[in-house]
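Enquirer: Residue-level listing of the chains:
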Amino acid sequence: MNQAQNKRVWALLLLLFPALLWLTILYLGSLFGLLWQSVYRLDDFSGQVIHQVGFHTILQLFTDANFDIVLRTTAMAITVTIAAALLALPLAYTMVFHAGKRQRAILYVAILAPMWFSYLVKVYGWRVLLSREGLIYWVLDKVGLAIPLDTLLHSFPAIGGASLAASFLGMFLVFLYMWLPFMVLPIVAALERVPQNMLNASSDLGATPWQTFRKVTLPLTWPGIIAGGIFTFSLTLGDYIIPQVVGAPGYFIGMMVYTQQGTVGNLPLAAAFSLVPIILIMLYLSMAKRLGAFDAL
Amino acid sequence: MEYRLRSCHGQKVNAMPAAIEFVGVEKRFGNTLALQNVNFVVNQGEFFAMLGPSGSGKTTCLRLIAGFDFPTAGSIKLEGQDISALPPFLRPVNTVFQDYALFPHMSVLENVAYGLMIAKENKASRERKAQELLDMVRLGAMAKRRPSELSGGQRQRVALARALAKQPKILLLDEPLGALDLKLREAMQAELKLLHRELGLTFILVTHDQGEALSMADRVAVFNEGQIEQIDTPEELYNQPKTGFVARFVGSANVLSSSLFSTKDNAIAIRPEYIKLGEKIPALRVGLPVTVLTKLYQGAYTRVECRVNDTTHIAAHINSTDITLPTITASKPIYAYWLAEHMVNLA
Chain D
1 MNQAQNKRVW
11 ALLLLLFPAL
21 LWLTILYLGS
31 LFGLLWQSVY
41 RLDDFSGQVI
51 HQVGFHTILQ
61 LFTDANFDIV
71 LRTTAMAITV
81 TIAAALLALP
91 LAYTMVFHAG
101 KRQRAILYVA
111 ILAPMWFSYL
121 VKVYGWRVLL
131 SREGLIYWVL
141 DKVGLAIPLD
151 TLLHSFPAIG
161 GASLAASFLG
171 MFLVFLYMWL
181 PFMVLPIVAA
191 LERVPQNMLN
201 ASSDLGATPW
211 QTFRKVTLPL
221 TWPGIIAGGI
231 FTFSLTLGDY
241 IIPQVVGAPG
251 YFIGMMVYTQ
261 QGTVGNLPLA
271 AAFSLVPIIL
281 IMLYLSMAKR
291 LGAFDAL
Chain P
1 MEYRLRSCHG
11 QKVNAMPAAI
21 EFVGVEKRFG
31 NTLALQNVNF
41 VVNQGEFFAM
51 LGPSGSGKTT
61 CLRLIAGFDF
71 PTAGSIKLEG
81 QDISALPPFL
91 RPVNTVFQDY
101 ALFPHMSVLE
111 NVAYGLMIAK
121 ENKASRERKA
131 QELLDMVRLG
141 AMAKRRPSEL
151 SGGQRQRVAL
161 ARALAKQPKI
171 LLLDEPLGAL
181 DLKLREAMQA
191 ELKLLHRELG
201 LTFILVTHDQ
211 GEALSMADRV
221 AVFNEGQIEQ
231 IDTPEELYNQ
241 PKTGFVARFV
251 GSANVLSSSL
261 FSTKDNAIAI
271 RPEYIKLGEK
281 IPALRVGLPV
291 TVLTKLYQGA
301 YTRVECRVND
311 TTHIAAHINS
321 TDITLPTITA
331 SKPIYAYWLA
341 EHMVNLA
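Quick mapping for you: the protein sequence lines, in order, are chains D and P.
Heads up: the first sequence is residues 1 to 297, going by my numbering.
Heads up: the second sequence is residues 1 to 347, going by my numbering.
Don't read these hints as lab results, they were simulated from the structure.
These numbers were taken from a predicted model, which means no experiment stands behind them.
Keep in mind that the hints are not guaranteed to be accurate.
Residues from chain D that face chain P, not an exhaustive set, calculated with beta carbons under 7 Å [stated by the list, open to error]:
1. N200
2. L205
3. P219
With the Cβ distance kept under 10 Å, some of the chain P side facing chain D (calculated, not the full set) [what the hints assert, rightly or not]:
4. F40
5. Q98
6. A101
7. F103
8. M106
9. G115
10. M117
11. I118
12. A159
13. R162
14. K166
15. A190
16. L194
Virtual Cβ for every residue (Gly too), placed ideally from N, Cα, C.
Please put together the full structure from these sequences, using the hints given.
Expert: As structure tokens, this is what we get:
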């Protein structure tokens, strides 16, 4: 490389240095440091971490109790993602193709405004809303749906619980509320990039609006949906507050990581549990690629 | 051409309804009037061009025919039937878009077969037809590629093949050659003309390039500010422009007041290629004194711009091989003259 090129490389490295430092040491470094713990194990008697490399801790993930936790969290993450996508699509579609300038601005604010508020305030607010003394129960009672709701909550162990505020259904609703903006915005961005002319071309060739949506708009929007899905999926997998505040008994991955590294002091197990979301996200992305979600990129 | 038969009672009968008919069409966008009382007829099998500068309303007309927009007043008829309110997917009309609008997530073959797929034709049959169309536009080998892997000219031909797949009654072309370089454009003009003759469909072309309209179309409608100034064959449009705008837009023209060289006072147009420059005005010619301003070499001819008076300039196209050309220099007083029959009276 000649002088000029050399200088450019140095200049570039200098500019990138803070970002590279952050990325490698603070992020990747600490992440690796944590995950490396998962090959060690905790001695049950002494409560000390044995620094011997082995797969003992990782295998512990597959015990009944632990595996239940993984399944429970994954199932919730999948349901939240699908529900968020189903809710966000019509919303995003309206925002991009049917809303006037002013309406779209109002919708943007309506979706983004919750993000200005504290996470804890929102979660506890929902717990109050969902509780027996809360607004939702009161409204349902007036409409006469209180008893069906109770029956629902008590007959299905998978979604039910003592009350809405202490059930998986309640947890699902809160997750959905919290992560919806993260799903809407990428989809809006993807939809905005679909040129009007392409939709005109599809219509010109004989496709009804629904056919145009299925064959042209949706394929072009998939990257946006997948991107939104990454947010909802990973945020749900890692969350440790919502399951504690609004939820049925039963641990979630996030809670396990929190308690294991904190109270229990079992850092290896906490690290092992942390591996799960990472692997699941990688599976999610490879499945999405296999299904052709990134073809339009 | 309009086909006219005589019925048994000797009356003129129009054997074939017009491919497209605009009746009193008006289009408003908010406060702007994009089209104002537009009336015209496109005959079946014709190559019809809509020519005009940007904003003249020609693209709006095309969108109204395709169905991407609807007139605020008046009606549009296709073969006699009112289609003004029909959505695009119900009209037997297909469009070649200016930016091609190919679907990036489908292969070239799938793009061309798209219309047939929507019409629920089975896969083998529609892929065969699509392949034939691609062969016809000489892109047969590109069937499995993606549009992003093709050049501009190739994409344009894919767009053309896609629009022809459903054998529409009318093919609309929205400035299809705008993004191509000159040589490619000339080649495509010839190809489109040939295609039109082979297929026998009605082609409606929108362009701002008068050379394109003149070379390809059977008839041209010249648009200006939402109205049609003249509809005629290319030759008549060129030789008999009815207004100053048409004279200036179609080919270049010099628009003068005849008071400059005669006792009458009306507007006339004279094409630059008919103007000659010389030391005096010969017999049987009409002319006036001018001062040469600049000489612009254009290859086959040289454009000589001359000043008549403070408000009037004229340009003459002198053959570059003319032996008198070197004697014509800037600031030289000289005479510009032409044959009276080459002048056109303007409205």
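Enquirer: Hints first: check each against the structure and report whether it holds.
Expert: Do the hints match the structure? See the list:
1. For D:N200, the shortest C-beta to C-beta distance to chain P is roughly 5 Å, which falls under 7 Å, so the interface hint holds.
2. The interface hint given for D:L205 holds, since its Cβ lies 4 Å from the closest Cβ of chain P, which is under the 7 Å cut-off.
3. Here the hint on D:P219 is kept, as its CB sits about 5 Å from the closest CB of chain P, short of 7 Å.
4. Because the beta carbon of P:F40 sits about 22 Å from the nearest beta carbon in chain D, more than 10 Å, this interface hint is broken.
5. Hint on P:Q98 holds. Least Cβ distance to chain D is approximately 8 Å, under the 10 Å limit.
6. The restraint placing P:A101 at the interface with chain D holds, with a minimum CB-CB distance near 4 Å, inside the 10 Å limit.
7. Proximity of P:F103 to chain D holds as hinted, the smallest CB-CB distance being about 6 Å (cut-off 10 Å).
8. With its C-beta approaching chain D no nearer than about 8 Å, P:M106 sits inside the 10 Å limit, and its interface hint holds.
9. For P:G115, the interface hint holds, the least distance from its beta-carbon to any beta-carbon of chain D being 4 Å, beneath 10 Å.
10. Taking 10 Å as the C-beta cut-off, the interface hint given for P:M117 holds, the closest approach to chain D being about 8 Å.
11. Using the Cβ-Cβ criterion of 10 Å, the hint placing P:I118 at the interface with chain D is satisfied: the shortest such distance is roughly 5 Å.
12. Below 10 Å, beta-carbon pairs count as interface contacts, and P:A159 has one with chain D at about 8 Å; its hint therefore holds.
13. Of the supplied interface hints, the one on P:R162 holds, with its beta-carbon coming within about 7 Å of a beta-carbon of chain D, less than 10 Å.
14. Evaluation of the P:K166 hint against chain D yields a held restraint, the C-beta minimum of about 7 Å falling below 10 Å.
15. For the restraint placing P:A190 at the interface with chain D, the shortest Cβ-Cβ distance is roughly 26 Å, beyond the 10 Å limit, so the hint is violated.
16. Here the hint on P:L194 is broken, as its CB sits about 24 Å from the closest CB of chain D, past 10 Å.
Of the hints listed earlier, those the structure fails to meet are numbers 4, 15, 16, in rising order.
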